[in-house]
Structures are given as structure tokens and as C-alpha cells.
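Visitor: Here's the letter readout for the chains.
Number of protein chains: 2
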Amino acid sequence: MEIDFQTEPQRYKHWHLRLDGQVAHLILDVDEHGGLFDGYQLKLNSYDLGVDIELHDAIQRLRFEHPEVSIVLLESAKRAVFCAGANIRMLAGASHAHKVNFCKFTNETRNAIEDASTWSEMTFISVIQGTCAGGGYELVLATDYILMADDGSSSIALPEVPLLAVLPGTGGLTRITDKRKVRRDIADVFSTLEEGVRGPKAVTWGLIDRTVPPSELAGEIDQFIDQLDDQSDTTVNRKGILLKPLERNYSDSTMNYSTVRVDKNRVGRTATLTISGPQSPVPQNCDALSASGSAAWALRCARELDDALLHLRFNEPDLGVLIFRTEGDCATVLQHDAFLNQHAEHWLVREIMLYWKRVLKRIDLTSRSLVTLIDPGSCFVGLLAEIMFACDRTYMLIGQLDQNPWPAPVVTLTTSNFRSYPMSNDLTRLETRFIGQPNVVKKLFDLIGDTLPAQTCLDLGLITFAFDELDWEDEIRIFLEERAAFSPDALIGLEANLRFPGPETMETKIFGRLSAWQNWIFQRDNATGAQGALPRYGSGQKGIFDPERV
Amino acid sequence: MEIDFQTEPQRYKHWHLRLDGQVAHLILDVDEHGGLFDGYQLKLNSYDLGVDIELHDAIQRLRFEHPEVSIVLLESAKRAVFCAGANIRMLAGASHAHKVNFCKFTNETRNAIEDASTWSEMTFISVIQGTCAGGGYELVLATDYILMADDGSSSIALPEVPLLAVLPGTGGLTRITDKRKVRRDIADVFSTLEEGVRGPKAVTWGLIDRTVPPSELAGEIDQFIDQLDDQSDTTVNRKGILLKPLERNYSDSTMNYSTVRVDKNRVGRTATLTISGPQSPVPQNCDALSASGSAAWALRCARELDDALLHLRFNEPDLGVLIFRTEGDCATVLQHDAFLNQHAEHWLVREIMLYWKRVLKRIDLTSRSLVTLIDPGSCFVGLLAEIMFACDRTYMLIGQLDQNPWPAPVVTLTTSNFRSYPMSNDLTRLETRFIGQPNVVKKLFDLIGDTLPAQTCLDLGLITFAFDELDWEDEIRIFLEERAAFSPDALIGLEANLRFPGPETMETKIFGRLSAWQNWIFQRDNATGAQGALPRYGSGQKGIFDPERV
Numbered sequence: 001m002e003i004d005f006q007t008e009p010q011r012y013k014h015w016h017l018r019l020d021g022q023v024a025h026l027i028l029d030v031d032e033h034g035g036l037f038d039g040y041q042l043k044l045n046s047y048d049l050g051v052d053i054e055l056h057d058a059i060q061r062l063r064f065e066h067p068e069v070s071i072v073l074l075e076s077a078k079r080a081v082f083c084a085g086a087n088i089r090m091l092a093g094a095s096h097a098h099k100v101n102f103c104k105f106t107n108e109t110r111n112a113i114e115d116a117s118t119w120s121e122m123t124f125i126s127v128i129q130g131t132c133a134g135g136g137y138e139l140v141l142a143t144d145y146i147l148m149a150d151d152g153s154s155s156i157a158l159p160e161v162p163l164l165a166v167l168p169g170t171g172g173l174t175r176i177t178d179k180r181k182v183r184r185d186i187a188d189v190f191s192t193l194e195e196g197v198r199g200p201k202a203v204t205w206g207l208i209d210r211t212v213p214p215s216e217l218a219g220e221i222d223q224f225i226d227q228l229d230d231q232s233d234t235t236v237n238r239k240g241i242l243l244k245p246l247e248r249n250y251s252d253s254t255m256n257y258s259t260v261r262v263d264k265n266r267v268g269r270t271a272t273l274t275i276s277g278p279q280s281p282v283p284q285n286c287d288a289l290s291a292s293g294s295a296a297w298a299l300r301c302a303r304e305l306d307d308a309l310l311h312l313r314f315n316e317p318d319l320g321v322l323i324f325r326t327e328g329d330c331a332t333v334l335q336h337d338a339f340l341n342q343h344a345e346h347w348l349v350r351e352i353m354l355y356w357k358r359v360l361k362r363i364d365l366t367s368r369s370l371v372t373l374i375d376p377g378s379c380f381v382g383l384l385a386e387i388m389f390a391c392d393r394t395y396m397l398i399g400q401l402d403q404n405p406w407p408a409p410v411v412t413l414t415t416s417n418f419r420s421y422p423m424s425n426d427l428t429r430l431e432t433r434f435i436g437q438p439n440v441v442k443k444l445f446d447l448i449g450d451t452l453p454a455q456t457c458l459d460l461g462l463i464t465f466a467f468d469e470l471d472w473e474d475e476i477r478i479f480l481e482e483r484a485a486f487s488p489d490a491l492i493g494l495e496a497n498l499r500f501p502g503p504e505t506m507e508t509k510i511f512g513r514l515s516a517w518q519n520w521i522f523q524r525d526n527a528t529g530a531q532g533a534l535p536r537y538g539s540g541q542k543g544i545f546d547p548e549r550v
Numbered sequence: 001m002e003i004d005f006q007t008e009p010q011r012y013k014h015w016h017l018r019l020d021g022q023v024a025h026l027i028l029d030v031d032e033h034g035g036l037f038d039g040y041q042l043k044l045n046s047y048d049l050g051v052d053i054e055l056h057d058a059i060q061r062l063r064f065e066h067p068e069v070s071i072v073l074l075e076s077a078k079r080a081v082f083c084a085g086a087n088i089r090m091l092a093g094a095s096h097a098h099k100v101n102f103c104k105f106t107n108e109t110r111n112a113i114e115d116a117s118t119w120s121e122m123t124f125i126s127v128i129q130g131t132c133a134g135g136g137y138e139l140v141l142a143t144d145y146i147l148m149a150d151d152g153s154s155s156i157a158l159p160e161v162p163l164l165a166v167l168p169g170t171g172g173l174t175r176i177t178d179k180r181k182v183r184r185d186i187a188d189v190f191s192t193l194e195e196g197v198r199g200p201k202a203v204t205w206g207l208i209d210r211t212v213p214p215s216e217l218a219g220e221i222d223q224f225i226d227q228l229d230d231q232s233d234t235t236v237n238r239k240g241i242l243l244k245p246l247e248r249n250y251s252d253s254t255m256n257y258s259t260v261r262v263d264k265n266r267v268g269r270t271a272t273l274t275i276s277g278p279q280s281p282v283p284q285n286c287d288a289l290s291a292s293g294s295a296a297w298a299l300r301c302a303r304e305l306d307d308a309l310l311h312l313r314f315n316e317p318d319l320g321v322l323i324f325r326t327e328g329d330c331a332t333v334l335q336h337d338a339f340l341n342q343h344a345e346h347w348l349v350r351e352i353m354l355y356w357k358r359v360l361k362r363i364d365l366t367s368r369s370l371v372t373l374i375d376p377g378s379c380f381v382g383l384l385a386e387i388m389f390a391c392d393r394t395y396m397l398i399g400q401l402d403q404n405p406w407p408a409p410v411v412t413l414t415t416s417n418f419r420s421y422p423m424s425n426d427l428t429r430l431e432t433r434f435i436g437q438p439n440v441v442k443k444l445f446d447l448i449g450d451t452l453p454a455q456t457c458l459d460l461g462l463i464t465f466a467f468d469e470l471d472w473e474d475e476i477r478i479f480l481e482e483r484a485a486f487s488p489d490a491l492i493g494l495e496a497n498l499r500f501p502g503p504e505t506m507e508t509k510i511f512g513r514l515s516a517w518q519n520w521i522f523q524r525d526n527a528t529g530a531q532g533a534l535p536r537y538g539s540g541q542k543g544i545f546d547p548e549r550v
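Residue numbers (the numbering used here), protein chains in the order written: chain H, 1 to 550; chain Y, 1 to 550.
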């Protein structure tokens, strides 16, 4: 079964998105029988990837379709349970690869919530009534304010270690210490307490912000709305745009979007993503941009690229190398790129840029070998040049190709490469590339707008290799064959380390430290072996553990 | 077979330590037939844990026995090979737990080299002639200056990914990007190049510092010695102290040192480490300290605790909880602690404190559940209180125990807890404990010297739990039983994450991000399965890989 990441509120099975002026209610109401795969029921508001795909869609639509919203209330439609976290039978039945990719996507969606909090003038408030456990509490941790009913039964818990022999691995351990500053020994106690804690203790320990009797919940939320009303005059008059369904056309070996084409080579185990620059002129102003809605090139391209990446991650695990190419007119890309930077204060431009930031981060975090090929007809300019800086390697042709009318390829830097699209480590890709060498970055800044041919790019360290026509095809073929011959696991580890030199942030710690440990645990018999805790969950038998410490 | 970490230069099989005034030659000359286990030969200066134990010992002795040394030359006695890295047959035959622990110890020893560079006025220079691959180059990366013969055959390589389907996981990937600032795409090329690179290219890529013809190597080294002579007047007249053999007395269930006692409980799967405070008065001055040599309490205790920790890590993998206790007179500990801080500028005091820093880091990085019990007769004061802050949890008795003459336990903070013994993340343990709350740390600073009873410690957040006699034994029993029932793997992941909230450094990235990925890869069939690259190495057959990307 192919997993599809496109949906829309009318088709949601598990969430209700209710709009009420500046307030949005995002209500979890999981359909037990609506699991993405067979073999499990999504009881107790537990989730699988299908639930998370809808959440991802809802967050996107809130930002683009409902920019007037400034408060998002995260709630549950079920009475006794807020959310039981990731469905355990689903986890027990899933392949290692699916578990890892599922966790990564879930993490990315939670980061998108925090991104909206930080940059999109939205405040996310969790309103917990009933039990909220595991991934349920980890989701709540991504919100700005956590309110819980003090009713003697509502509770939060991270029972993964005691119950399932795995970690609260979708951000939980990192967010309690690094975001909520819970003391590490308290965090240890909480994360080993199967039954979790209720209101007052959860406040004392710093795990939630406030607890009130159920009768006072509504009043507490109203206070928030009253406070925020004063600050949100700017948002109230914004008119959102509709995110129309993507135009896609799939065959067995290709995926065609309006601005992205994916060519799959199953023998060579590669996928080539060719991104087309804009065909249309730059919008005259922000009103024109709004009028074009989701047809605007910059937004369309981000959505299509995002969808293609997610498709490849989940549906094409054997295509180990992603090859990025561009096609288009550099001058037009430059105009669209400049338009974005020039109007960065306009809410829609801001959202388009923030979306590109998230898509580029998604590339950084994709566990495939990433390579950019810069050949005639390409348009690696500004925003699109960020793709090459996200890749593990970049090959650029020196000069033209015989029998090809296009001029020799060039690269052009813009302010987009120095500020607009930071990585998860909070550095730009150029700062990351030249870690510890701020002077190099400064020197590159002075070259903004220049057309840089291959040899110059090589000298400046912007690309890895430059070859002329004589060697071009051979060198690339050798690289691709070599990459296909290496162990995919070793490459994953190599790339995950080399892509993030220098400082770490909460986000990089979640994807590096926490996820790497979780992936290790997912491979261990104590968790996933025949007698491990995951397959035995619910069987009445506890997992049998090898006591050896590693 | 029990692994013993004690050795001395006369017993080295694999290293020569040659002293020549201020210059020490540390020469790798591995005895092929001197492997720690059967089943492999240590060809081509490849190493196993036994080789690394000697290196660890040599670095320790250089610091304490030869403080006059200011240049350490890392060399090979073999002509065509500098070092081939970790022995592959050893790795292929080793258990997962041994591999992981071996890598951790190797990393700690390399960090100790950098610690000596930074704090002990020693400069480490690698002089590479012949091939230097994998762990060999990773060792070299820990030195300050890398010199390589430009002879057409000397080379450096990280061939782990292409050859063995594992990572350059003992610091390699992290040090090339974070220490040597090698560009990430160049690092990708280098780390997938089985044959590595020779002198000039290695310099261009930033992987080594300099390459000269073999005939000029000696002159190049002499230049270094000449330069450093001018700066090292202070070190030349220092008289080292002898690190005498530890007094140890092992039985099946106990390990008795002069200041540390380990009681093993194999049924409950715990080991209790009881550390005795000093019996002797504080040295009158630094000369008296030097005269007492390795018998001085602070040094003796550090060495014994270090040996006990390493013993437990490698020889007692099933003892999943380490319980730390102290016994002694608080006032005397306070005097010894004050002596160290007061004379921190004296080289021997500095070395003792740096050693404690490393031992405390070794505790932080030990993958067992760590708990401190503070009961009557204990002396958690200053330096020794760092142990409690290294633990996952701390339990403290309120008041006295019936039938026990000792007064109610107290804790006393000193400047030791605010400066002297930073963790791998470059923060003190209190800064880590109260991450993001500098005011709390400031408030604690004002309490230096106070005797803090259990309730006060609890209120200040210095301990996790305080119980009176009525609950004390039950609560601890329940905790230990609970911990023994959890999956050891899940606990390892939990603890590895919670112990390092906040910022990361190169060291924490090596132990967190890099090691966690390597551990994952060590569990994967592509590396260690029957058809994986490690077991097949040298068989003439390549590993067969599942192409799936995870």
C-alpha cells in the first residue's frame, strides 16, 4: 500500500478542526477502525501515521487558510482519555524502517507546531481532560501552554520505559529537560512512573503549567482568549488562501507535479528530483500573490517538493540516493527569491518562507544520500541554492555540454543563503558548511548577486567537485555505483553525523541523540524480540529481558 | 576472563614509552600475538582493548610521573604502517556489549589526551609514517599537531564505511568536522574513500597539519622542540611522583581497595560503591603532598574509584544499578577539598583535580542506573558531593537511624561544586541540574560551607527524595526492584538522554550522537549479521546488504 500524505479537513477521520474567529479547536477524536494498516484498533485516542498525517495537514491549513487564528486549543473529544500515544500494536507490528520513519515524521510535525508558535503569532494551548500518556504527552509538550483538569483522574505519563521497554522518543525526554527545564532526577522519576502524575504534582514538577477544577477550565481558556485579543488586532483581518489539492501524476517510475519531477531508477537505486523554476513572472505585489493563492510558484513548489520527499521516504525505501537538479531561468528565480525576501513581513510571504524552511529541514533530515548535480539549464539561485547546500555532495559541470544549447551552469547567492532558511541547528547552511570560519561566510556575503561559474564555485568551496564534459558522466556514474554498494546503515550514520557539525539545539538533539538511541532500542530483543516488551504488550505476559548492560 | 585495567610500563606489550628530558616518545609497536582474547592476531599495529589499556596507563603516567614532559611524540615502531585501527577480527568476534564498552573506553582515553593538551601544558604531536587508518587516524585526531611523511606511501584513511559497514565511531566523524573544521562534503568524500589520501591532499583538506619528505621529519620535530623549550621553563624542574600499584583485594562478591569498597549483589543486580573519606589529616603543604606521592588520599581515591568503575563496566555487565555511598568525617573531607582548591595552581594538585574530573565524567558516562544513598556516617562534601550530582537519583535519610550512633546526615557544598569539575558538556553538575535557572545556582553558591540536612537539601533540589527511618529501607528496596525489572536497554537510552540536558560539546556529541548511531549500526545485519561486512572481512567475500534505507 502506498502511503499518501495529502488530505483535507473534509476527509479527516481522526481530527476535527473547528474555527471560531481567532480561536481554532483542534480536537482529537480517533476512529478506532480507521487505522492506516490492518491488525490493530486505534483505541483510547491512540495514533498511527494516518492520525499524524491529518495533524500535519491541519497545522499547514491553519497557517495558510486561517491566518486570522491566534489561539489553537488542542483538545480531545473522548471523555476519559486525552490521548494514549502511539498505538502499541501498530508499533509491535511495524517494520523497523516504518517505526523510524514514523517517529521522524511525528517529530517534524511537532516541530512545525513550535515553529508556528515562534513565528506565526499562534499560541497553542493543550487542554487535558482524561489520561494523556506517552506520545500524547509528547505532543502536548510541543504546545505553549499545558492546562490540565484537576479532577482526580486526569493525568500525564511517559510510561514507555516501564511499559514498553522503549523511550519517550518523539521528543519527550529532550523536551522535558531542555524545554520545560524539569530537573534531571525528577525527569527520571516521572519517566519511570507507569501511572504518571495528576494535576498538582505535575505543576510542581514543571510538567504542565496549570491545573484547575473541570468547572473552571472554560473560564481559564476564556482568560487566555481575552488576553490575546488585545494583541492580535493585526491578525484578525487577514484573509487566508485555500491550499488546493496538488496536481500529481504518478507512474511506476515517475512522479510528475507542476514544478517537481521525480524519476525513479530502481536498478541503480536512485531518484532524481528535478525542480522547475517559475514560468510566470514575479507577482506585482502581495495582493497579487494572495490572489494567486496556492498556485503561486514558491508555495506550489514547496508543497510539491515536500510531498515528493515524504513519498520517497515511506514508499521507496530502496532508492538510497536522491539526486537534486533544477531547470529554469536564473533571472526569474532571482526575481521570485527577491520578492520573498523583500516582502518577508507580509504574513503570506512569511508563511511561504517558513514552509520552505521546513521543507529544506526535511531534506537535511532525510536518511538518503543527497547529491546535487548542477548542469546546463539549471537555476541554483538563492532559495534553490539552499538545496545544494543541504546535500552531502555537489557536482558541477565546467562549461557546456556538446549538442546542448544551454550555457555553462552558474550559481548565484542571495540573502536567502545568509539568513532566511536556518537549519535545525539554528545556523544557515553556509554557516554550517564553513563551521568555525565566519570570515569565509562574510566573504561569500560580498558576492551576493554574482554569477559564479563552476571553477569559482569550486574555489569558494560552494561545491564538492567540478568536472568538464569529458569526465562528467563517468564521475557521476562512479559515485552513484559506489554509493549503491555501501551499507545503507553505515551511510545513514555517516550522513546523520556529518550534516550537523558544530552546535546542537533541542531540535538537533531530538533527531540526533534521542532518535539514535531510540533506533538502537528498536533493534534490541528486549524491546522487539519475540519475548520483548512490545510484542508481549497486552498479552498478560511481561517482556523477558536480558539483564546485560551494554 | 576478567579484564584488568592496571598495568605499568615494564609490562607493556604494545607500547614503548621513552623519555628524553622534556620530550616523551609514545611508540606503538603492537605484539601480534599479544591480543587480550584468542581468535585474532593484532597485525599491522591494529589494536584491541589491551592495547588501549596500556595507552590509558601511559597517558596517566606521563601526567603524574613525568610532569617535566611538554612534548609527546606519537609514533610507530613499524616501518610501513602507523596504525591500522581497531582489529577487525576482534570486532567481528566481540559481543555487542564488548564493542560498545571498548569504544567508550577508547573515546575516554582520547579525551584524556585532549584534556592533557588543554590543561597540562603538554603538546601531542603525531608523526605518521606508513598507513594510518580507521581508529589509527581517529587516535591521531586527538593530538594537537599531525605531521605526515610525504613519501608517496604514507596515508590517512577512514575506511570504516566502505570496508566494514560501520562508522569511524570513536570520535572520527565528530573530530574531522568539529575539531578540524573539515567541510562536510569533503568529510563525506574522505570517509568513503577506502584507500584514503596522502600528504599534500590531506593538508589541503585540513585532515593533517603538515607533510614533509621523510628526510625532513626529524628537523621538523626539532623545530617544535626548540620552540617549546622557550615556553616550558616552568615544567622542566618538576619532580614526578610514582603511581604505585593499587592495593586491591577481590573476592567473588567484594572488591576492597584502601578507600573504596564494592559490594556486589548478584541476585538484586546491584553494586554498592562505598567511598571512604580521608583518615589522615590534610597535607601541610604541596611538598608534603608530593612526598606522600600516590598514597595521598585524593589521588588514591580517584585511582581506586576509576579502577572499580572500569572493572564493573567490563566484568559485571549484569549489575545494572550502581549505588554510591560515602563514609567518613565531613570536616576532614572539607579540609582535603579546600586544600585542593587552594593549591589548584600547583601541578600535582592540578593533576589530581583533573583526574577527579575525568573519573566523575566516567561516572556520568557509565551506562548503569546510578543512585546515591546519603545515610548517617556519610560525607557528601564538596568533591564527594559531585558524585551525588552525577547520579540519576539521590535518596537521603531524614534524621538518625535507631540503634546507630551516627548523627543525621548532611551535605555541604564548596567551590568544588561550582567550578572545579565540569562535565563533558562544559557545565558544572549543578548548572546541568538546574539548566536554564542560573539564579538557583547563584543561591546555592551563597550556601557554600553550610551543613544542609535532608529537608533543606530536598527544598533546595539537591536530592531527589528524603525519607525518615520508617520508610527509608522500603523506599530504596522498591526503587531497586523496580529498576531491576525494567529493560536495561530502555534505561540506557533514558539515562543517556536525561544526564545531558542543555548544550552539547564535541565530547557529548561523540558519546551521544556518534556513539548512539554506531551502536545502532553494530546491531544491524548489514554490519554484524552472518553475511554482514564485519564477519566477512578478509574472507574474500563482500558483505551482502539489505538496500532498505531506514
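Simulated from the structure, these hints should not be mistaken for laboratory data. Don't take every hint at face value.
[Stated by the list, open to error] Lysine-lysine pairs mimicking DSSO-like chemistry, simulated, CA-CA at most 30 Å apart: (1) Lys442/H <-> Lys542/Y; (2) Lys201/H <-> Lys442/Y; (3) Lys179/H <-> Lys357/Y; (4) Lys442/Y <-> Lys179/H; (5) Lys181/H <-> Lys443/Y; (6) Lys201/H <-> Lys443/Y; (7) Lys357/H <-> Lys181/Y; (8) Lys179/H <-> Lys179/Y; (9) Lys264/Y <-> Lys542/H; (10) Lys443/Y <-> Lys179/H; (11) Lys443/H <-> Lys201/Y; (12) Lys264/H <-> Lys357/Y; (13) Lys357/H <-> Lys179/Y; (14) Lys181/H <-> Lys542/Y; (15) Lys179/Y <-> Lys443/H; (16) Lys443/H <-> Lys181/Y; (17) Lys264/Y <-> Lys181/H; (18) Lys442/Y <-> Lys357/Y; (19) Lys442/H <-> Lys201/Y.
[As the list claims (entries may be wrong)] Coverage of chain Y stretches by chain H, computed from C-beta distances (three or more under 8 Å per stretch; other residues unrestricted): (20) 58 to 66; (21) 170 to 178; (22) 184 to 190; (23) 193 to 199; (24) 388 to 402; (25) 468 to 474; (26) 495 to 505.
What you are looking at is a predicted structure, and each value in this text was computed from that prediction instead of being measured. Backbone N, C-alpha and C fix where the C-beta goes; we use that ideal spot for every residue, glycine too.
Visitor: Closer than 8 Å, Cβ to Cβ, for at least three residues: run that test on the segment 184 to 190 of chain Y against chain H and report holds or violated.
Guide: holds (count 6)
Visitor: Quick one, are Lys179/H and Lys179/Y close enough, alpha carbons at most 30 Å?
Guide: It holds: about 28 Å lies between the C-alpha atoms, which stays within 30 Å.
Visitor: Lys264/H and Lys357/Y: Cα distance at most 30 Å?
Guide: violated (54 Å)
Visitor: Lys442/Y and Lys179/H were given as a pair; does the straight-line alpha-carbon distance stay at or below 30 Å?
Guide: holds (21 Å)
Visitor: Given the hinted pair Lys201/H and Lys443/Y, is their alpha-carbon gap at most 30 Å?
Guide: Between Lys201/H and Lys443/Y the Cα gap is close to 24 Å, so the pair holds against 30 Å.
Visitor: When you check the alpha-carbon spacing of Lys201/H and Lys442/Y, does it fall within 30 Å?
Guide: The given pair, whose Cα atoms are some 26 Å apart, holds under the 30 Å limit.
Visitor: Is the coverage entry for the segment 58 to 66 of chain Y by chain H consistent with the three-residue Cβ rule at 8 Å?
Guide: With 0 residues in contact (Cβ-Cβ under 8 Å with chain H), the coverage given for the segment 58 to 66 of chain Y is violated.
Visitor: Check the hint pairing Lys264/Y with Lys181/H against an upper bound of 30 Å on the C-alpha distance.
Guide: violated (35 Å)
Visitor: For a C-alpha distance cap of 30 Å, please report whether Lys442/H and Lys542/Y respect it.
Guide: Violated: Lys442/H and Lys542/Y sit about 46 Å apart, past 30 Å.
Visitor: Are the Cα atoms of Lys443/H and Lys201/Y separated by 30 Å or less?
Guide: Judged against 30 Å, a Cα distance of about 24 Å means the pair holds.
Visitor: Is the coverage entry for the segment 193 to 199 of chain Y by chain H consistent with the three-residue Cβ rule at 8 Å?
Guide: violated (count 0)
Visitor: Measure nothing beyond the straight line between the CA atoms of Lys357/H and Lys181/Y; if it is 30 Å or shorter, mark the hint as holding.
Guide: Holds, at about 25 Å.
Taken one by one, the earlier hints fail for this structure at numbers 1, 12, 14, 17, 20, 23 and 25, listed in ascending order.
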